[in-house]
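Novice: Here is how the chains run, residue by residue.
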Amino acid sequence: MNKRVNTLVLLVLLLTGLSYGCIGSTNGTQTATEKPKVLTISTTTSLYDTGILENVVAPIFKEKYNIELRFIPKGTGGAILDAKSGASDAILVHALPKEQAFMEEGYGVNRKVFAYNFFVIVGPKDDPAGIRGLSVSEALKKIVEYGRAHPDKIVWVSRDDGSGTNTKEIALWEKAGFDFNELKNESWFGTTGAGMGNTLLYTSERKAYTLSDIGTYLKYQKEGKINLDVLVDKGEELINVYAIIIINPKKIPGKDFEDAMLLAEWLTSEEGQKAIAEYGKEEFGRPLFYPAVPVLKSEQGDVFKWILKYGFMKDGDKYTECPEKFRYNATYDFFEFPASVVGG
Amino acid sequence: MAWDYIIQGFSEAVKLIDDPYVIEIALRSIKVSGVATLMAVAWSLPISVLLGLKDFPGKWLVKTLINGLMGVPTVIWGLVLYLMFVPLGPLGSLGLLYTEMGISVGQALLITPIIMSIVVNSLESIEGEVRELALTLGADEIRASFQVVRESVGGIVLAIIAAFNRAIAELGIALMIGGNIYVKGGVYNTRVLTTAIQMYTVRAEMSVAIALGIILMGIVLAVNLLSNLVRKWLE
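For the record, the sequence lines run as chains A and B.
The opening residue of the first sequence carries number 1 in my numbering; numbering runs sequentially from there.
The opening residue of the second sequence carries number 1 in my numbering; numbering runs sequentially from there.
Treat the hints as calculated values from the structure; they're not laboratory data.
Glycine included, C-beta positions come from ideal geometry on N, C-alpha and C.
Just so you know, nobody snuck in bad clues.
Output of the computed footprint for chain A on chain B, the stretches with three or more beta carbons under 8 Å from beta carbons of chain A:
{"no.": "1", "segment": "89–102"}
{"no.": "2", "segment": "182–193"}
{"no.": "3", "segment": "197–210"}
Please work from the sequences and hints to get the whole structure.
Specialist: Below is the structure:
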């Protein structure tokens, strides 16, 4: 008996040592001594679910600067909480009111707008509520009407997760004359509390309608995971502007300010903007995101005005991507335009 | 519909099983949960031996507490540990959030009551006879206690196996503390089998999810088989 126990102990020790050695060496080509720097970025799920961050941004950044990007996908709300708790070096978000509050509280600096695309209202092909081609407000009114007439089925699915898409949805309901919190209590109004991808899958399953960013929708539709049509895609209020905000090193010490700035710089650089413009083109026939910098540089067109109106912060008589009081040791320039550019 | 997924998933899964990406995630799962088990064993065994062999006032209370802790859902662990581990939280300076070690620590806490409970029970069930026998054969108190621990080695092995299986199958902590991070060739990745399965199911990439599921089941079954063999051999 004693002999057996001793042999067992020896065996366990041997196995543990062996497996540790094996697993230790699977960490890739890097050896432990030359670990790259790591930058933690909290990001919205609508960016993350398309794969652009993992497949394009992270590899390039690693190659170029030997900095490993650690993306934590959460809704904009969750991303902001992570940042406030000191977990991230920068955040990638798309919810102007929440961004503004975050910066007002002193957490974020040096905001840069780097991409945009559009939100769309998607739903079943046969479109039972008859919203195809309507304006956003009219479409939402029709959906409420249809929903109230069919209280026994889920007609609208909301993410209800404090994300940027959810923030936009709430604003759109309000513009159409409804209170999101009241609608939530109605039986035809479903909520997932989940990311964009998850919500699209559920919406497709229930043959319901939802608001989606176009990037995630295209990816999921193309891959045959969902069966939903884009029914409403017109209206300036559907523009979806993505920005990066750097964590204020004075508010939260110990964050890698310089490298986070490097990411912001790269995203808005010619190379970064090109990478954004290319992503998904081959696979989906159109890009999932559009680079924002060329539009801002051109200072022309509807999209330019919409980005200002829905993605820039108003600072006195100017629209700016980052008001002066939120700038800190910036190594890059900020776009700002007189408010008169947008007009009425 | 669902059957199509499963049949297609299985056939694709077979192809994916030797994919380096899949292997990396599987090995990370074993590593993270293995480290968790080692840590938990390191602090559980001495305490369990004490609990199993010594009598003291309030012992039943401690045992009740341990049994109660077994029921704490993993998301509760995830939530509590997230609040502790965020850099500005009480334990933030340890830098554990979104790291492999963070998951290991969380899983170690999760499985500690499991190890303790099984070990204490097995010690107590043998204690009476073995100790008395040892004492009558002329052993002193310490040697007698030692003999009790030796005799309950089967129970200890069972506890370790059960704990490892619990840890590797766990999702809440791995997701909330680990964050399911994956960058190709990355050094700071935290994606493990459970978080990957959850993610691929959400993304509706069923074949990868099923492949990873088969591997997870394989690991759990293999570990169980091994533990049965070991216990048989010990008896």
